[in-house]
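Engineer: The lines below spell out each chain.
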Amino acid sequence: MKIGMKESRIVASYAVMAAIAYLLVAILEITGVKITRDILGGLALFVISAIYFAGIKETVARSYKGISFIFGGIILSLIFGIMYLFIFLAGILEYMIGNAAFPSIRVEIILALLITPLAYYLYRMIK
Amino acid sequence: MKAKVAFIGNPNVGKTELFNRFTGQHQHVGNWPGVTVEKKVGKCVCYGNELEIVDLPGTYSLTAYSIDELIARNFIIEEKPDVVVDIIDSTNLERNLYLTLSLLEMDANVVVALNMWDIARNKGMEIDVKKLEELLGVPVVTTVAITGEGIEKLKETIVKAIKGKRRKIEWSYGKDVEEVIKELQEIISKEEKFKDYPSRWLAIKIIEGDEEIIKKIEESKYKDELLKIASRIKDGETVIAERRYKIIGKIIEEVLKKEEEEWSFSDMLDHVFLHPIFGIPIFLALMYVAFQFTFSFSAPFSDMIDTFFSWLGEIAKNNISNAMMASFISDAVLAGVGSVLVFVPPIFSLFFALSLLENSGYLARAAVVMDRIMHKIGLHGKSIISMIMGFGCNIPGILAARTIENKRDRIITVMINPLMSCSARLPVYILLAGVIFKSSAMAGAAVFSMYLLGVGLAIIMAMIFRKFLFGGEPPTFIIELPRYMFPKISNAARDMWEKGKWFIIKAGTFIFLVAIIVWFLSSFPWEATHGGVYIENSYAALLGHAIEPALRPFGWRWQAGVALFFGFLAKEAIVGTFGALAGESASVAVATWFTPLTGFAYMAFVLIYFPCVATLIVMLREIGKKYTLITITYTISLAFIVAGLIELIGYAVGIT
Amino acid sequence: MNMTNNIIPLAFMAPGERGQIVEIRGGYGMAKRLYGMGLTPNSVIEVIVSNPAGPILVNVRGSRVAIGKGMAMKIFVRRI
Ligand SMILES: Nc1nc2c(ncn2[C@@H]2O[C@H](COP(=O)(O)OP(=O)(O)O)[C@@H](O)[C@H]2O)c(=O)[nH]1
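Protein chains in written order, with our numbering: chain A, 219 to 345; chain B, 9 to 664; chain C, -2 to 77.
Source of the hints: derived by calculation from the structure; they are not laboratory data.
Quantities reported herein were computed from a predicted structural model and do not represent experimental measurements.
Just so you know, even glycine gets a beta-carbon here, dropped at the ideal spot from N, CA and C.
One or more of the hints may lead you astray.
With beta-carbon atoms standing in for the labels, derived distance ranges [what the hints assert, rightly or not]:
| id | chain 1 | residue 1 | chain 2 | residue 2 | range |
| --- | --- | --- | --- | --- | --- |
| 1 | A | S231 | B | L477 | 54 to 64 angstroms |
| 2 | A | M314 | B | R560 | 41 to 51 angstroms |
| 3 | C | G26 | B | E187 | 36 to 46 angstroms |
| 4 | B | I513 | C | R22 | 44 to 54 angstroms |
| 5 | B | K198 | C | R22 | 57 to 67 angstroms |
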């Protein structure tokens, strides 16, 4: 099975950006530079980044195998985003009761938001 | 009118969902006589009929191969239910009809429920239901268990079928086989002993060489004759299976108008999630998500409950004039039970996360991904499912081990399950880590390390058991992977409630009792303790001091001993006991009982020292007395060893 | 049994390959287990995922079944 030339390029370039973004955030989280240190969380982002990277070559080659990786990466991005979103919401609740300061937004939530256009595009493409 | 109805179907067809729809809260879980397979029975009143619904184990076929299949089959033959509802995954007729045909051969009064009809519809599949009814000779109803669509129709059909008699349709297994079947049937009809069995079914089973049936045959005087005729079909087992699928092929050709393969999403995801390199990191990442969710998401809710109970305690202290009553309400009831209820949020969150993992279809993949590693340490791929469930509660974890075919693998999996840190132990970690470590990051790491320690010890113990108790076995691994599905939040929420409510119930009953007992022990003799002020003079202290010698080497106070004593029954009782012993400001008091090192060792001890009583009972049923005893022995000794090692190493490197 | 080049253990098939089961050389129990799950002689299977590190995932009669390497060595398949 082959996918369109144009589509594969769009997906691949988006995936490259995603992979780099996740890699950068992963490094920041692991080293604790600029954001709160979270080694395990950083490693998880590193895995997501690697999955995006792994899919790029074959996506350019217009193979469904490559798309599979991008697809898997997206799913993980969304799972992480949603999980931190829930924690964020719970944090707001705690803030409203007056038990804690207003929670900070985890980068993972923003990354997941940035991924959604790709998710939608890919979904339309496979459907 | 009363009627007995059995539900049967392949695994993952939505049988549980449908069963719940029918029976609601009126369920009763017991055991099949003599075996340890769960038996679920429910009641449902439909159109003036009282239906007793029995949920048979999920099976692919009705051979005598596994205990589950045997139970289902014997139930149908011996108990003769009025109606057997065969639940089928509409998107996978071919595999599912195999069981249907076996049921029809047994002369069961079958009603077919074509479940997951919504998925079939979305995929653009067109199934000719009328035609299927005609070919099978039984009523067929389409259902969507998760929304309730078609349930009424199914109820109606079942009620109608109670009285109705189905048309009997026989498919030909081919000329050679049919000849043999006919000859066998002739002899069978002569034998009194076989009167209860449908003769055609019995004939087919003889050809298949079914162990149970052959045993029955051997009691008959016609045994040689029967076996001789049956032996004309070489490798009957295979021939029958193959021909049965051929018949199914023909049926499908007629009823399935349009089929669209829509596995693409699932297959694509499996390329990544089952990938040789990424599979395990993804597994770990998802576990991380589950635990992060459990702890971080639930924390604010726990704080709220905590605040609420301290507030209640204040009110009680200030408004009740009778000193004994005030002490009872605030120290026993509020401090004891409240200290346990604080842990409802993390426990519910954990069950929610586990439900999502399971219902999305990922848990089965985890078994595949982990199979190789699990084999290295002497376990089975499916053990990972049991272990993950064990983080919620050891009992479902132990029950999950049943899907492991090999008995030795199953026993080892069950034996190490108590080392999976169940949610009841979580309160102890959170309470202790929270008070003995200064920074919350340290406390978090300490809690997490308990889970790692449990898994690490489980691995070591599994290797030891494999080496010394059981020899090696050829690996057999086979598991059906359900389609990935977007899990329904409402389902997960219901699951969470169903599995989590025991915790609330326990807090209200058992923990309540323990709290009262502990309060009594610690405030009486009332005069001597000055109403619970000088606990040193109380009965509890007496008990604690009796246990203390065993714990002194670890530097634990007698209070810790009393808590361990009640923890034998259920680990939640440990925190409840702390609460009742220390009064409403448990954390302050507990902080004085432990140093970081002794507290950490105590956490490890609580993790390991004894499976709770409920777990033991289940274990006894699942693996028998001998291995349960071994489990008790190894957990107690391991607890002392590990806690001792932690303290020794701690002192050696200068931590106190 | 004739071991022509075309008949190989399932374990050796590559992703995307299709084949027809020729023989299952397992014990009694193993065959039974496989039959119920749809793996009988003459059934057509397609390998979805196969890698050195674990069970092999196949499509058989419309469902996805993961089979351990040990078992997959005993299922003989003719490539098609
Ligand atoms: N879309 C859809 N999903 C269903 C239906 N029935 C059950 N499910 C889902 O299928 C999964 C397996 O159902 P379950 O009742 O646990 O299956 P069992 O193994 O047969 O008891 C669960 O995630 C259910 O929510 C249905 O009719 N349609």
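Engineer: Range hint 44 to 54 angstroms: satisfied by the CB atoms of B:I513 and C:R22?
Structural biologist: holds (52 angstroms)
Engineer: Do the Cβ positions of B:K198 and C:R22 conform to the proposed distance bound of 57 to 67 angstroms?
Structural biologist: violated (38 angstroms)
Engineer: Look at the Cβ atoms of A:S231 and B:L477 and judge whether their distance stays inside 54 to 64 angstroms.
Structural biologist: For B:L477 against A:S231, whose Cβ atoms are near 57 angstroms apart, the range 54 to 64 angstroms holds.
Engineer: Return holds or violated for the Cβ distance of C:G26 and B:E187 against the range 36 to 46 angstroms.
Structural biologist: violated (29 angstroms)
Engineer: Given the hint of 41 to 51 angstroms, is the C-beta distance from A:M314 to B:R560 inside that range or not?
Structural biologist: holds (48 angstroms)
Hint compliance for this structure: hints 3, 5 are broken, all remaining hints hold.
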